[in-house]
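For reference, the chains in residue letters:
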Amino acid sequence: MLVRRSFISFRRLDASLAVDPCRGVVVHQQPRVVRSNLYRCGCDVLSLALGQTSLMRVFDIARSIVRVLTGLLLASSLASAQNGAPAPRTSDQFSFMQLLADKGLHDIENESWNAYGQFTYISSWKPSFPAPYTNLNGSINSLLPTAERSFTGTATLYLGLRLWKGAEGYLVPEVISEQPLSQLRGLGGAIQNFELQKGGTSIPEIYRSRLFVKQTVGLGGKSIVAESGPLRLATHYDSRRLVFVVGNFSILDFFDTNAFDVDPRQGFLSLGFLTYAAYDFASDARGYSYGGLGEFHWDDWAVRLGRITPPKDPNQLPVDFRLFKYHGDQMEVEHKHKIRGQEGMVRVLAFRNRENMGRFNDAIATFEADPAKNATTCTGFNYGSQNVGAPDLCWARKPNVKKGIGGFVEQYIGHDIGVFTRAMYSDGQTEVYSYTSDDRSAVVGVLTKGSAWSRPQDVAGIGGNFGWISNVHAKYLGMGGVDGFVGDGAIKAATEKSLDLFYSANFGKVYWLTGDYEHIASPGFNAARGPVNIFTVRIHGEF
Amino acid sequence: MASFESHRSCACALLAGLVILSLWPRLADAQQQAGFAVGRFYQSAPGGGWFIMDDLDISGRLGGALTLTSGYGRNPLVITGPDGKQKLAVVSQEAFLDIGAAITHDRVRGYIDFPMPLLRSGTSGTLGPYQFTAPSVSLGTNPDTVSDPRIGVDVRLLGEPGSLLRLGAGAQLIIPSGSRADYVTDARYRGMFRFLAAGDAGAFKYAGQLGVHVRPLNEAPVPDSPNGSEFLYGISGGRRFAGPSGWAVIAGPEIFGETAFRSFFSGETGTEALLTGRLEQTGTERNLRIKLGVGHALVQNFGAAQWRIVFGVELFGHK
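Protein chains in written order, with my numbering: chain A, 1 to 543; chain B, 1001 to 1319.
Next up, chain A with everything else stripped away, as it sits in the complex (with noise of 0.2 Å):
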């Protein structure tokens, strides 16, 4: 299953394209990270922007807090969530290979190879919530009562090396040890950190997150520079390109993004927020697939088109290789803008997943057909549902067919402040493959950087997520029925609504303290349970 593009720390492979005017070259980084270079770089354009009168300087930070208050409305009237994108090291950051560019030991700007490594401890704190109950008749999937403390811890080690011209190839391992709420059962896109995975233990394990290697073709036009950073060599590309990727990589590494490429170990911590909670990419259970995929890069424009494995059994880690019989095929449209002089970007992301899974009415038609065929009696794979008058998604496993489709809009509305908005609808008839139990969802939020109150590495965020189940999902859910998430026995089907709202304070250049406070509503698209308060605490440090 689930969860986790996270190491995509990423920063976005493809982020905006931007002018930097110390180099007079079009910049291959988002447009908060050019700005942010804008003030390092010396420049005397910027010199001059900076040196304007105290007077100027109250305004902006005035303007900025209308534009908080004012994406603080938008946030409540809509509710939703988004993501996170990898962000790029700026060079004001501590890094190891700052550190031997600094000495003289090594070209940042036209990389053979590089190496960063990142480290990240969440807890989270529940306390208890009304819940009238839980696991109904043997049904396994509620969100425990009781209050619960849970945990990851991750480090990862990002290695890139050229290999030759165009070619990049990447390694990543990573280790992680983690111990989830109620098991990672209970709730849909409000899971409360997207690093947990499904099947993790606390026990600390490495594995290799990412083996992959990357082709670029240029094509003319601008030239670009992409900066060094985790998963991305520095070098110059053409702003017209083709890019051929290869291997083991997590699809969030290049499809759909995160906003404002804040990288989402600093960002927000909600599962909603790392990409569309409806799109059931197919991935392991940790989040990662094996596959190919082409970007078609045209200035201001990109098209993305992947395919790439799914687990063989949902939610799990053993991998279908079969790519020509199960597979997800997923394409994406990218357009970057301006809007009175800040910068926005539309996508569109369609995928469609060819899996070995059961649709929710050809389970309840086997359980109506014959009660014995109940969640007690699975002879396939199963999720272990005690309850005997329960239909289950093993009777009804076969190769079918996934949709759906979403947009996501990013728009600056003044100096490092920005607002998101993220929706996806999918046809909600088969269950979760691989990444959340929601048919379809909805994000919008608000992200700032710290530079009006002179903490430019700080970074701040609010926003609202929603999930929604389809009908047949909610009658399956009804009746007793559990997929790889949610099931409490019975339901009363609302919307699963959550606000996340979190503040990360940099320190030393090196390291994040992070609060999160998340409000639950309806979890587990269940009305009759909740609200659920979490509370989360996050360090994380980059080298």
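No lab work stands behind these hints, which were simulated from the structure alone. Hints should not be assumed to be uniformly reliable.
[Said to hold, decoys possible] Heads up, simulated DSS-like pairs for lysine-lysine below, C-alpha to C-alpha not over 25 Å straight-line: (1) A:Lys-475 to A:Lys-497; (2) A:Lys-338 to A:Lys-222; (3) B:Lys-1291 to B:Lys-1319; (4) A:Lys-312 to A:Lys-373; (5) A:Lys-165 to B:Lys-1291; (6) A:Lys-336 to A:Lys-222; (7) A:Lys-165 to B:Lys-1319; (8) A:Lys-103 to B:Lys-1319; (9) A:Lys-475 to A:Lys-403.
[Said to hold, decoys possible] Here are some chain B residues the structure puts well away from chain A; computed CB gaps all over 12 Å: (10) Arg-1074; (11) Thr-1080; (12) Gly-1084; (13) Lys-1085; (14) Arg-1107; (15) Thr-1126; (16) Thr-1141; (17) Phe-1231; (18) Ala-1251; (19) Thr-1269; (20) Lys-1291; (21) Leu-1292; (22) Val-1299; (23) Ile-1309.
Glycine included, each C-beta is placed from N, C-alpha and C at the ideal position.
The hints should help you fit chain B onto chain A, whose structure is shown.
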């Protein structure tokens, strides 16, 4: 007649029952073995030149190496029963992919290495009082396993690159990762300390090592299993055939092995011979080395495969 048939059925049932009862205590008492890191193909650091030995030609300013090695071994764990005749190939096939990276500076090399099992399978069974369950590892079932990654450091203490004698030392920490049931890890931290020697004499090259493998796992008296810390040994030699533009072929054997201190060269000892050939270009800032090895066990014990084939590619260089 019917009575006779009935009595015969009863007799058969009784006999079957007695057979089952006679076997039952042995089956019930059979001690399930948890598995361990069966691999003893302890590769040299990235950029080391040989598969197991080390050329010790670390030099220059900041440099580095990246190596990708893949190999297949047949019967790396064949357990012999108490009668000395019965054999069980608990691990009959193993294949791996290994990616390592090193940073070098002057005469010091730091490295990290990530072995990834691609295939590990065999036959389950019971030998004497021990019950063995064969691993079932494949890329599909274990898509991302990293088994016992290594972090290490090597230092060239004496001699210069190209000299007749170079001496060095190395240490590495093996971090437990993976499942014992897959025979990819001991699930315990391990360490290695090695004294290294290498040299060039005209067209001939050689290298050798002696070391200690600190291995806390002691499964004795289970046959063909770790018996605590081990003594490492190895030697290699080859001839260099120079080609144009700095390219050369080096061909020669590597012989390497290990024996447990508790049963020094009497018990858990495995020795392999590997005939290696490598095509390499040296002397530039970015060099390439392609390696191929085919080997056979001289003393077959756990980890020393009956035969194996190994392939490697190395990118290395320094400023």
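Checklist entry - Per the stated criterion, does the least C-beta distance between B:Lys-1085 and chain A lie above 12 Å, as a non-interface residue requires? => result holds (38 Å)
Item to check | Outside-interface status for B:Thr-1269 - nearest CB in chain A farther than 12 Å | outcome: B:Thr-1269 is indeed farther than 12 Å from all Cβ atoms of chain A, at 30 Å.
Item to check | A:Lys-165 paired with B:Lys-1319 [C-alpha distance capped at 25 Å] | outcome: holds (20 Å)
Checklist entry - Is A:Lys-165 within 25 Å of B:Lys-1291, Cα to Cα? => result holds (23 Å)
Checklist entry - Does the claim that B:Ile-1309 lies outside the interface with chain A hold up, using a Cβ gap greater than 12 Å? => result holds (22 Å)
Checklist entry - Was B:Thr-1080 rightly flagged as not at the interface, with every chain A Cβ beyond 12 Å? => result Per Cβ check, B:Thr-1080 is outside 12 Å of chain A; nearest 33 Å; holds.
Next on the checklist: So B:Lys-1291 supposedly isn't at the interface. Is its beta-carbon more than 12 Å from every beta-carbon in chain A?
Outcome noted: holds (18 Å)
Item to check | Given hint A:Lys-222 paired with A:Lys-336 - CA-CA distance at most 25 Å | outcome: Holds, because 15 Å separates the two Cα atoms, which is no more than 25 Å.
Checklist entry - Taking the minimum C-beta separation from B:Ala-1251 to chain A, is that value above 12 Å? => result Per Cβ check, B:Ala-1251 is outside 12 Å of chain A; nearest 27 Å; holds.
Next on the checklist: For B:Lys-1291 and B:Lys-1319, compute the direct alpha-carbon distance and say whether it is at most 25 Å.
Outcome noted: Within the cut-off at roughly 24 Å; holds.
Checklist entry - Does the structure keep A:Lys-103 and B:Lys-1319 at a Cα separation of 25 Å or less? => result holds (14 Å)
Item to check | Separation of B:Phe-1231 from chain A, once the least beta-carbon distance is taken, above 12 Å | outcome: Answer for B:Phe-1231: holds, closest chain A Cβ roughly 28 Å.
Going through the hint list in order, the structure does not satisfy hint 16, though it satisfies all others.
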